[in-house]
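Using the hints, position chain B against chain A.
Here is how the chains run, residue by residue.
Number of protein chains: 2
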Amino acid sequence: MHHRTVFYISDGTAITAETLGHSLLTQFEDLQLRQRRVPFVDTVEKAEKVVAEVAAAAAADGQAPIVFNTIVNEELSAIIHGCNGKVLDLFGIFLKPLEQALGMRHTPSKGKAHSMHDAVNYEHRIAATNYALSHDDGVRTSFSEAEVILVGVSRSGKTPTCLYMALNFGVRAANYPLTDDDLEDTRLPEFLRKYRNKLYGLTIDPERLMQIRENRRPGSKYASLAQCRFEVAAAEAMLQREKVPMINATHASIEEIASRILNDLGIQKQLF
Amino acid sequence: MHHRTVFYISDGTAITAETLGHSLLTQFEDLQLRQRRVPFVDTVEKAEKVVAEVAAAAAADGQAPIVFNTIVNEELSAIIHGCNGKVLDLFGIFLKPLEQALGMRHTPSKGKAHSMHDAVNYEHRIAATNYALSHDDGVRTSFSEAEVILVGVSRSGKTPTCLYMALNFGVRAANYPLTDDDLEDTRLPEFLRKYRNKLYGLTIDPERLMQIRENRRPGSKYASLAQCRFEVAAAEAMLQREKVPMINATHASIEEIASRILNDLGIQKQLF
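Chains as they are written, first to last, in the numbering used here: chain A, 11 to 282; chain B, 11 to 282.
The following block holds chain A by itself, in its conformation from the complex (with noise of 0.2 Å):
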C-alpha cells in the first residue's frame, strides 16, 4: 500500500482539478490516499500556507504529496511549484498544445471554469432544478415542458437522476412512478404515450429494490421481494413491448444514468 497525500489546489473552485486528479488515479491500484481540496488560494498568503501544508504532508508521509494544481495566475503557481510535492499542473501542461491547435495566445482569467461567467446558463439550470423539483414523482401530469420524462418502479432512483440532469446539465426532467394500477395495464399509462419520444425508463434488480424499500418501510408488503419482484417484472415487460429505452440502475452511477440518458435520446446540453 502507497501512503500518499494528494492536494487539489485552485484559484477557484478547485472543482477542475480534483475531477482531474480523480480521473488519473483511478488508473492506479492499491493507493491509499489522503485527499485535501484547497480552493480559493489568490493571495501570496493563501499560496505559502499551502505550500507549508505540503511540507507538512511530506514529512508525515515521509513520500512527496501529489499536487494537482489548476492556479492560473503565474506568480501564485511559481509559489505552489516551490512545495516540496510533485506538482502536475493543468494549465502548465495544456495551454501550450491548445494555443499551438487554436492558432492563438491566451489570456489568463483565474477561476472562470466554474464560476458565473454565463449568467444565462445559471438561471437556466435553477429554472431546470426548479422544474424538476415541481414535476417529481408524477406531482404534475403536464409534461408538455419536459426534455427527459424518467418513468420507473418507486425508489428506482428518479429523483436523484432529475435533479442531477438540472443542477449539472440545466435539463428540464420530470419523472413519473409507475404504480400497482399503472401496471395492471400492459400498456403506458395514456398521458404518457403523446411524450413518447421523451421517455425512459429507470430499472432495478428487486434484490436491492428490496433492500432500499425496507429502509422505508421495515416490514411492509411494499417493501417485500415478492411485490419488488411484481414490479420490477411488470415495469419492464411494459417498457420493453412499448419500446421505451431502459437503464438499469443498480450498478451504475448517478453520472453514467445521466450520460446515458441524454446520449440516448440525443440531449446536448453542455455540463456546468
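Just so you know, the hints here were simulated from the structure itself, not pulled from any lab data. No false leads were mixed into what you were given.
Calculated lysine-lysine pairs in the DSSO-like style (CA-CA distance at most 27 Å, straight line):
| # | chain 1 | residue 1 | chain 2 | residue 2 |
| --- | --- | --- | --- | --- |
| 1 | B | 208 | B | 279 |
| 2 | A | 279 | B | 59 |
| 3 | B | 96 | A | 106 |
| 4 | A | 96 | A | 122 |
| 5 | A | 96 | B | 279 |
| 6 | B | 279 | A | 122 |
| 7 | A | 279 | B | 122 |
| 8 | B | 279 | A | 120 |
| 9 | A | 56 | B | 279 |
| 10 | B | 208 | A | 56 |
| 11 | A | 253 | A | 279 |
| 12 | B | 120 | A | 279 |
| 13 | B | 253 | A | 59 |
| 14 | A | 59 | A | 122 |
| 15 | A | 59 | B | 279 |
Leaving out everything else, chain B in the frame of chain A:
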C-alpha cells in the same frame, strides 16, 4: 471570431473530458465554439464513427476541430488519434508524469472516474439528497444530523445549493428560510442557536431578489422592492450580529457558493 468544433470523447461518461476542456477553453477569448460530447465510445465501430464526425466538422468549419480525449483503451485511443482534429489526450499527457511521481505503473481501466466503483459513496450521496429534500425550506426543524444549515430569505438560492452539495459532495445540507416573523427579532431563531457551527448565510442583492420573486408572484407585496430590501437588510444585520458566515449569491455560481461554504466550514468531502 474563431469558429471551431470541440469534441469531448470518452469511453465513460465524458464528464472528465468536458470539465477539463471547459477549464482550458475559458483561457481563450472570442472563441465561437460548437461543442459535442461523445460518451461511452467503447467499441472500434463507435471510435470510427467519431473519427468520421470529426472529419465532417473539419470540412464544415474549414478548421481542425479540437478533440479532448479521455479514452483509456489504447486500441480505441489510437483510432481517435488518427482523426484530422487536434487531439489533446488527458491520459496520454498526464499518466507518465504521474507514474514518475507515484513510482509505480498504472493499470488501465476504463471509465472508472464517474462509475460506481464505490457503492458506499453512491448510497451516501443518495441518502444526502433524500436528506436535503426532506429538510428543505424549514420543513423539519430538527437539524441534528445536518452537516450544513443554510439560512436566508425566501428565494435566495438555498434549495439548489443544498441539492448541489448533496448530489455532488454527499453532504447532508438542510436549509431554513428566514421569514418576516423571524426578522422582527434581531437574534437568530432560538432553535437554530444550538447548531451555530453548522450555519451559513446566503444573501442576495434586493434588486435581483425582486426579479426572481416577480417571476413567481407578479405584483405581490412579497416581490416588491421595498419588501426585498427590508428582508435582505434585516437578514444580513442578524447574520452579521450573530457572526454567521455569509456569501452573496448574486454574482456567484452554484459551484462557487458550494465550494466556499464547504471550505469555510472545514468540510472535506470528496467530489464525486
